[in-house]
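So the protein lines, in turn, are chains S and Z.
Under numbering that gives the first Met the number 0, the residue at position 14 of the first sequence is numbered 13, and the numbers go up by one with no gaps.
Under numbering that gives the first Met the number 0, the residue at position 8 of the second sequence is numbered 7, and the numbers go up by one with no gaps.
FYI, nobody ran anything at the bench for these hints, they're computed from the structure.
A couple of the hints might just be wrong.
Here are the simulated lysine-lysine pairs, BS3-like style, with alpha carbons at most 27 Å apart [claimed, not checked]:
#, chain 1, residue 1, chain 2, residue 2
1, S, Lys37, S, Lys102
2, S, Lys145, Z, Lys80
3, Z, Lys32, Z, Lys80
4, Z, Lys11, S, Lys87
5, Z, Lys11, Z, Lys80
6, S, Lys16, S, Lys94
7, S, Lys94, Z, Lys80
Away from chain Z, derived, C-beta distances all over 10 Å, residues of chain S [as the list claims (entries may be wrong)]:
#, residue
8, Gly18
9, Phe21
10, Arg40
11, Thr48
12, Leu77
13, Thr79
14, Ile98
15, Asn120
16, Leu130
17, Val138
To spell it out: a stretch of chain Z is covered by chain S in this simulated footprint if at least three of its residues, at any positions, have a beta carbon under 8 Å from a beta carbon of chain S; those stretches are [as the list claims (entries may be wrong)]:
#, stretch
18, 26-32
19, 68-75
Using N, Cα and C, we set each Cβ at its ideal position, and we do this for glycine too.
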Amino acid sequence: MQDRQGMKERLANIREKSGVNFICIRSSNPEVLNFAAKDSRIDIIHLETQPEMQAFSEGIASLASQKGTFIELPFAPLYTTRGSARSKFIRESNKILEITMHKQGRLLFSSDARRLIDIKNAWQRAIVLNLLLDASRQVAREIFFKNPMLLAEHGSKEDVATAGIIDETIVEDD
Amino acid sequence: MFSERPVVIDAKQLSQFIWRQYNSLFGEIKSGKAGFWITDYDETTQAGTIRCAGIVLDELVAALTLLTSINDILVAFDTIKTSGVIDKLPETDSM
Numbered sequence: 000m001q002d003r004q005g006m007k008e009r010l011a012n013i014r015e016k017s018g019v020n021f022i023c024i025r026s027s028n029p030e031v032l033n034f035a036a037k038d039s040r041i042d043i044i045h046l047e048t049q050p051e052m053q054a055f056s057e058g059i060a061s062l063a064s065q066k067g068t069f070i071e072l073p074f075a076p077l078y079t080t081r082g083s084a085r086s087k088f089i090r091e092s093n094k095i096l097e098i099t100m101h102k103q104g105r106l107l108f109s110s111d112a113r114r115l116i117d118i119k120n121a122w123q124r125a126i127v128l129n130l131l132l133d134a135s136r137q138v139a140r141e142i143f144f145k146n147p148m149l150l151a152e153h154g155s156k157e158d159v160a161t162a163g164i165i166d167e168t169i170v171e172d173d
Numbered sequence: 000m001f002s003e004r005p006v007v008i009d010a011k012q013l014s015q016f017i018w019r020q021y022n023s024l025f026g027e028i029k030s031g032k033a034g035f036w037i038t039d040y041d042e043t044t045q046a047g048t049i050r051c052a053g054i055v056l057d058e059l060v061a062a063l064t065l066l067t068s069i070n071d072i073l074v075a076f077d078t079i080k081t082s083g084v085i086d087k088l089p090e091t092d093s094m
């Protein structure tokens, strides 16, 4: 999402129109992220690319924490990237994790699985986070066990839930 | 070990892949100190047991989690059980 006004227009009655359980937003514009963090219609702020991760700040984390918005990072780059690309991702993720935990925000790590084989055991993922991103064991458990439960309880009473993703070009169901 | 199609590999070769992954993640100094070896591995079920020092358990699990391909075949490792006493492993119910 490139500008704040554009996002406001897309958000009008979006949940009813799209029939999804969660609304997730992606943007590399700090102003848009700031607006999304305080808008109760947004459930998740997803940060995946370097510009998106760099646009995240303490102010956004603080607002998201107050409004109960989840901050989501992808887990896949930890095993799909190698060398300096992985180091960069670890550094940016570590920064976001520290900021979010400092502001007592709610962090999620999406499995980002494209295939069945990409799905990893939550316990194993918690260990990876503990070792590679210096998250304490308690924080890692919250990220992989407690927060996904909170999100599921908050968004849907059914067994199956759908998420609508708003990004710079498209609105789609995932 | 889950894989898209059967991985034809013996315990020694598998151990080398795990070692390489561990080395790339934690570097030569840590991998020099970490001792682990595969005590049994069934090539049909692709299940086995790795023996390691308690202090490197988490690092080994992390290396296994991030190991995603062997001989260009996509794989995923699932840690079923861990135990401080290897003889008790079949009896252990949870991680």
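| field | Which numbered hints fail | value | 4, 6, 7, 12, 13, 15, 16, 18
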